[in-house]
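K.L.:
This is what each chain is made of:
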Amino acid sequence: MTRHVIIGAGQAGLQIVESLRKEGFSGEIALIGDEASAPYQRPPLSKKYLLGQITAERLLFRAPEHYGRLGVELRLSTRVTAIDPAAHTVTLAEGSQLEWDRLALATGARVRKLGVPGAEDPRVHVLRGVEDAEALRQGLEQAARVVVIGGGFIGLEVAAIARKLGLEVKVVEAQSRVLPRVVAPLVSTFFHELHTGHGVRILLDQQVAALVPSADALTVQTQDGTVIPADLVVVGIGVLPNTELAEAAGLACDAGIVVDEFARTSHPHIVSAGDCTRHRNLLFAAPHRLESVQNAVDQAKVAASTMLDAPVPYAQVPWFWSDQYDVKLQMVGISTGHDSLVVRGVPGPDGFSVFYRSGDRVIAVDSINKPAEHMAARKLIAAGGQCDPERLADTSTDLKTLLQ
Amino acid sequence: MPKVTFIDLEGKSHQCDIANGLSVMEGAIAGGVPGILAICGGSCACSTCHAYVDDAWADKVGGPNEIEDATLDLANDRRTHSRLTCQITMQPEFEGLVIHVAKND
Numbered sequence: 001m002t003r004h005v006i007i008g009a010g011q012a013g014l015q016i017v018e019s020l021r022k023e024g025f026s027g028e029i030a031l032i033g034d035e036a037s038a039p040y041q042r043p044p045l046s047k048k049y050l051l052g053q054i055t056a057e058r059l060l061f062r063a064p065e066h067y068g069r070l071g072v073e074l075r076l077s078t079r080v081t082a083i084d085p086a087a088h089t090v091t092l093a094e095g096s097q098l099e100w101d102r103l104a105l106a107t108g109a110r111v112r113k114l115g116v117p118g119a120e121d122p123r124v125h126v127l128r129g130v131e132d133a134e135a136l137r138q139g140l141e142q143a144a145r146v147v148v149i150g151g152g153f154i155g156l157e158v159a160a161i162a163r164k165l166g167l168e169v170k171v172v173e174a175q176s177r178v179l180p181r182v183v184a185p186l187v188s189t190f191f192h193e194l195h196t197g198h199g200v201r202i203l204l205d206q207q208v209a210a211l212v213p214s215a216d217a218l219t220v221q222t223q224d225g226t227v228i229p230a231d232l233v234v235v236g237i238g239v240l241p242n243t244e245l246a247e248a249a250g251l252a253c254d255a256g257i258v259v260d261e262f263a264r265t266s267h268p269h270i271v272s273a274g275d276c277t278r279h280r281n282l283l284f285a286a287p288h289r290l291e292s293v294q295n296a297v298d299q300a301k302v303a304a305s306t307m308l309d310a311p312v313p314y315a316q317v318p319w320f321w322s323d324q325y326d327v328k329l330q331m332v333g334i335s336t337g338h339d340s341l342v343v344r345g346v347p348g349p350d351g352f353s354v355f356y357r358s359g360d361r362v363i364a365v366d367s368i369n370k371p372a373e374h375m376a377a378r379k380l381i382a383a384g385g386q387c388d389p390e391r392l393a394d395t396s397t398d399l400k401t402l403l404q
Numbered sequence: 001m002p003k004v005t006f007i008d009l010e011g012k013s014h015q016c017d018i019a020n021g022l023s024v025m026e027g028a029i030a031g032g033v034p035g036i037l038a039i040c041g042g043s044c045a046c047s048t049c050h051a052y053v054d055d056a057w058a059d060k061v062g063g064p065n066e067i068e069d070a071t072l073d074l075a076n077d078r079r080t081h082s083r084l085t086c087q088i089t090m091q092p093e094f095e096g097l098v099i100h101v102a103k104n105d
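If you read the protein sequences in the order shown, they are chains A and B.
Numbering of the first sequence is given in this note's numbering, commencing with residue 1 and proceeding in unit increments.
Numbering of the second sequence is given in this note's numbering, commencing with residue 1 and proceeding in unit increments.
This is chain A alone, in the form it adopts within the complex (with noise of 0.2 Å):
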């Protein structure tokens, strides 16, 4: 019988598994994760899990009964060692051998390391599974003063939580301002903002040196000789994609298992979804790697199509969120390489959106508890983003009429 294995049990890899039931195929199917846990959402780590207000339970994607249904083999605690993709088969940890019709990797990515010294501190945490989202949480229950080192996405969740909880927390960010990579410096200025008027004391242009332990503080110590005292630090300073067995396989990468629009490495019988890929998207003119769940589910749509010998290229438009405080951010699109900004409403609580063009195309938005603009939103880059920015600005013009 025809057997498929994927390499990886989270959002990516189950939603592989789901497409090639979904699109009929009854062959032999096995889910390799090196997790605990079953599948679960990671999403709700750095916001409701983290403040006590579901279980790990309630993270799960599916009953443990489902796989059963489903005909799937799930392998958890399990990791691969290797992959021989001529051969076609993959050895597990204790030894054995899997032999596969298709494989694919879904490998997803790890945190990045901070390096200095003391960074192996045990009050030092980070958070991407759900035993560093427990581990963190039990932290936090015995923390006063909090330090978060970086302030992108995780760092800014993680300090809005701890806010919450009613710690003292500092964010600590290398550059000049919060969010650098991802959002304009005004959408910056706002989370920045945010965080301070929720009481988050954040030091930018900092580069952390070392982290000195002693009996009572794990001292963070930035370049600059800025001594910050703290009963936990955590760390969110970006990933970095699982690419050592791919590579090891032979398979492409560069910085990500390089994979075309169909999901395809360069191996034909081997695809790739989710975080761990650097990948093609027909609407883009580069290959790019993306840490979202939009983009895990619609790759690995694309993944499983290919699977079945029935390719879909990938044609999706990319979307994030992160919450923070009684904000949510929604952002669609990439904003690499806009040449201008049209900002719709004021900045502040009442919501507002940021487009960002490419000659006279919108290519992101970034939606401030705006959830409707941000629908609206999705729709106009879908349709190409040709759009008059007077009338973007304006917000007495829905901009639902904008797309008609």
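Simulated from the structure, these hints should not be mistaken for lab results.
A portion of the hints provided could be inaccurate.
[What the hints assert, rightly or not] 25 Å max Cα-Cα, derived SDA-like pairs, lysine to any residue:
#1 K103(B) with V312(A)
#2 K400(A) with L22(B)
#3 K47(A) with H14(B)
#4 K48(A) with P64(B)
#5 K47(A) with K3(B)
#6 K3(B) with A56(A)
#7 K47(A) with T89(B)
#8 K103(B) with S26(A)
#9 K328(A) with D73(B)
#10 K379(A) with L74(B)
#11 K47(A) with R79(B)
#12 K400(A) with D77(B)
#13 K22(A) with H14(B)
#14 K379(A) with L22(B)
#15 K400(A) with E66(B)
#16 K48(A) with P92(B)
#17 K328(A) with W57(B)
#18 K48(A) with H14(B)
#19 K48(A) with D17(B)
#20 K22(A) with D69(B)
#21 K3(B) with G68(A)
#22 K3(B) with R69(A)
#23 K164(A) with E93(B)
#24 K328(A) with S23(B)
#25 K379(A) with D69(B)
#26 K3(B) with L70(A)
#27 K22(A) with M1(B)
#28 K12(B) with G27(A)
#29 K22(A) with N76(B)
[As the list claims (entries may be wrong)] Rough simulated footprint, nothing fancy, chain A against chain B, three-plus residues with beta-carbon under 8 Å:
#30 3-14
#31 70-80
Glycine included, each C-beta is placed from N, C-alpha and C at the ideal position.
Dock chain B against chain A, hints included.
P.N.:
Then chain B, alone, in the frame of chain A:
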């Protein structure tokens, strides 16, 4: 626990026990109801847990909240009783609720 019946796109019924306080979406996911995808995990960000509340239940369950209403604009085939099931919280009065799954992809 209140029972909810989901009718999928092929007309098949799926009964799920859903504890009060959980969302209807969570119950559907736990029960493996086909077609309720919920890729954003209940953040009201994606519209892939879209369903129609049965006509007989529409008044009791009520309409969408503001964010949900906007998000529903993105859903396929929005109708009068469209809701995002992640935004419907189970309560004792919903015993016997009937939900028709929409086309989510």
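K.L.:
Next step is simple, just say for each hint if it's right about the structure.
P.N.:
Tested hints:
no.: 1; hint: K103(B) with V312(A); verdict: 19 Å, holds
no.: 2; hint: K400(A) with L22(B); verdict: 33 Å, violated
no.: 3; hint: K47(A) with H14(B); verdict: 31 Å, violated
no.: 4; hint: K48(A) with P64(B); verdict: 22 Å, holds
no.: 5; hint: K47(A) with K3(B); verdict: 29 Å, violated
no.: 6; hint: K3(B) with A56(A); verdict: 23 Å, holds
no.: 7; hint: K47(A) with T89(B); verdict: 19 Å, holds
no.: 8; hint: K103(B) with S26(A); verdict: 23 Å, holds
no.: 9; hint: K328(A) with D73(B); verdict: 18 Å, holds
no.: 10; hint: K379(A) with L74(B); verdict: 8 Å, holds
no.: 11; hint: K47(A) with R79(B); verdict: 31 Å, violated
no.: 12; hint: K400(A) with D77(B); verdict: 17 Å, holds
no.: 13; hint: K22(A) with H14(B); verdict: 17 Å, holds
no.: 14; hint: K379(A) with L22(B); verdict: 31 Å, violated
no.: 15; hint: K400(A) with E66(B); verdict: 16 Å, holds
no.: 16; hint: K48(A) with P92(B); verdict: 24 Å, holds
no.: 17; hint: K328(A) with W57(B); verdict: 30 Å, violated
no.: 18; hint: K48(A) with H14(B); verdict: 28 Å, violated
no.: 19; hint: K48(A) with D17(B); verdict: 23 Å, holds
no.: 20; hint: K22(A) with D69(B); verdict: 29 Å, violated
no.: 21; hint: K3(B) with G68(A); verdict: 23 Å, holds
no.: 22; hint: K3(B) with R69(A); verdict: 21 Å, holds
no.: 23; hint: K164(A) with E93(B); verdict: 32 Å, violated
no.: 24; hint: K328(A) with S23(B); verdict: 20 Å, holds
no.: 25; hint: K379(A) with D69(B); verdict: 16 Å, holds
no.: 26; hint: K3(B) with L70(A); verdict: 23 Å, holds
no.: 27; hint: K22(A) with M1(B); verdict: 30 Å, violated
no.: 28; hint: K12(B) with G27(A); verdict: 24 Å, holds
no.: 29; hint: K22(A) with N76(B); verdict: 18 Å, holds
no.: 30; hint: 3-14; verdict: violated (count 0)
no.: 31; hint: 70-80; verdict: holds (count 4)
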